[in-house]
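Protein sequences appear in the order of chains A and B.
Residues 1 to 194 (the numbering used here) are what the first sequence spells out, left to right.
Residues 1001 to 1242 (the numbering used here) are what the second sequence spells out, left to right.
By construction, these hints were calculated from the structure, which means they are not laboratory data.
Beta carbons are placed, not taken as given, at the ideal position from N, Cα and C, and that holds for glycine.
Some clues are possibly wrong.
Covered by chain B, according to a simulated footprint, are these stretches of chain A (three or more residues, beta-carbon under 8 angstroms) [to be verified]:
#1 36–48
#2 57–68
#3 79–85
#4 127–138
#5 152–165
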Amino acid sequence: MTISTSRRSVHLEPRQRQTPDAGPALDGELESLREALSRAVARVCPPHLVDRRDDLVQTAMMRLMELQRREPDRERWTASYLYRVAYTALVDEIRNVERRKEVGLEVVEALPEPPVAMGNPEQSARASQIARAVRDCLRKLVEDRRLAVTLYLQGHTVPEAAELLGWDGKRTENLVYRGLGALRLCLSTKGFEP
Amino acid sequence: MSGPSRDDKNLPDDATVERLRAAVRGEEPLEGGAPVDADLVWRAVSGELPPEERRAVVARVAADPAWATAWRLAHELSRAAQEVPKTETPAPGARSRRSERPAREARRFRFAWSHPAWGSVAVAALVLVVLGITLRPEVEPRLRGMDGREVTSLLPDDMALPREAFILRWSGGPDGTLWSLQLSSEDLGVTHRVETQQRAEYQVPASVLAPLPAGAKVLWQVEARLPDGRVRRSATFVNRLE
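Full structure from sequences and hints, please.
See below:
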């Protein structure tokens, strides 16, 4: 089985003996999971990983299949378990991508590293500066505000943030509200008007 | 969001919030940031952790872009997992469960699939034995592009090891190779990682294994950083706790 992505080609030797229950190889049964992974990576991964999205998903799927092959107890493979395993593999692979500059094990065709920034380099640099400033300003917030604003900026709604933080909804709303105001003030003192 | 004092001029509007969110998503990882504990993040996002521990994880998310990326992924995927109808769980074997073939026919199919051409296999095995070649029951998936080398476990697959001497050994790298190892329990309830050690063996601390019952499977994988800078990763090996 040869799996091709935009940047590499991986070849898996077939097992000598395979049973139908040993884990189907990239067939329709796992397609929904693959699609969910692709959507999640496309939506939330940083721009500097944009050229690695296909690889990230592919690697996570391969790790998932490898684990499936070794897991005889079919009952364990609930959707939540599959997604959790895939998620762990994905985070692990992101860490590996971030860490290594070298050409990895799986790369057969040595290709030059493409540029990592998307779009206008000036815009990317500006966005990166703002992000660092946001993190610096978050650090200066009172802890409860910091936590509430952090979840809000990560894309959670106020009710979601309240539930995750274990706080009352009204209190969380207030913390987000006040925290965003303080964040904006802090950013303006640093010369940023987001 | 309706706040208590909407007239505050310092408050960012919705468009500004979206720009801030985009900027946060775009941040590059910190140099020397702490490794992300993916399992911890997942348990926090899915609500498995108690609130005080969830808050501790959110504090990491606030401080480290890598943790923030992991958090967003966990949020997306845990939500996607909840949306999967239970009847459409994409589990291995689901195809056979959904099948309407009579069980007897399915068994026959499975038998035929798993026992192809017994006569040919016997002859081939005999030839290999005569040639002094050991035929392994299964061939592990192998990745090409490894210059003929691969990282292999020196322990038999599924071998049970004592809790007090759970020593993992492997081979495959030249002198000067640096190794990192990660292991987990089957349910990912226990995860452990060791970075850049020089010896091709590692004794897993008993404290790491303490939550696991006797007989539990431990899945482990090593990654080799070769002297020339390339990186190799092993397959996932499985051993058990005695």
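Legend entry - Claimed coverage, the segment 127–138 of chain A by chain B - three or more beta carbons nearer than 8 angstroms: With 8 residues closer than 8 angstroms to chain B, the segment 127–138 of chain A meets the three-residue bar; holds.
Inset, instruction - With a C-beta cutoff of 8 angstroms, work out whether three or more residues of the segment 152–165 of chain A approach chain B closely enough for the coverage to hold. - result: holds (count 9)
Legend entry - Coverage of the segment 79–85 of chain A by chain B (three or more Cβ within 8 angstroms): holds (count 7)
Legend entry - Stated coverage of the segment 57–68 of chain A by chain B [criterion: 3+ residues, CB within 8 angstroms]: With 4 residues close enough to chain B, the hint holds.
Legend entry - chain B over the segment 36–48 of chain A, status - at least 3 residues with CB closer than 8 angstroms: holds (count 11)
Violated hints for the displayed structure: none, as all numbered hints are satisfied.
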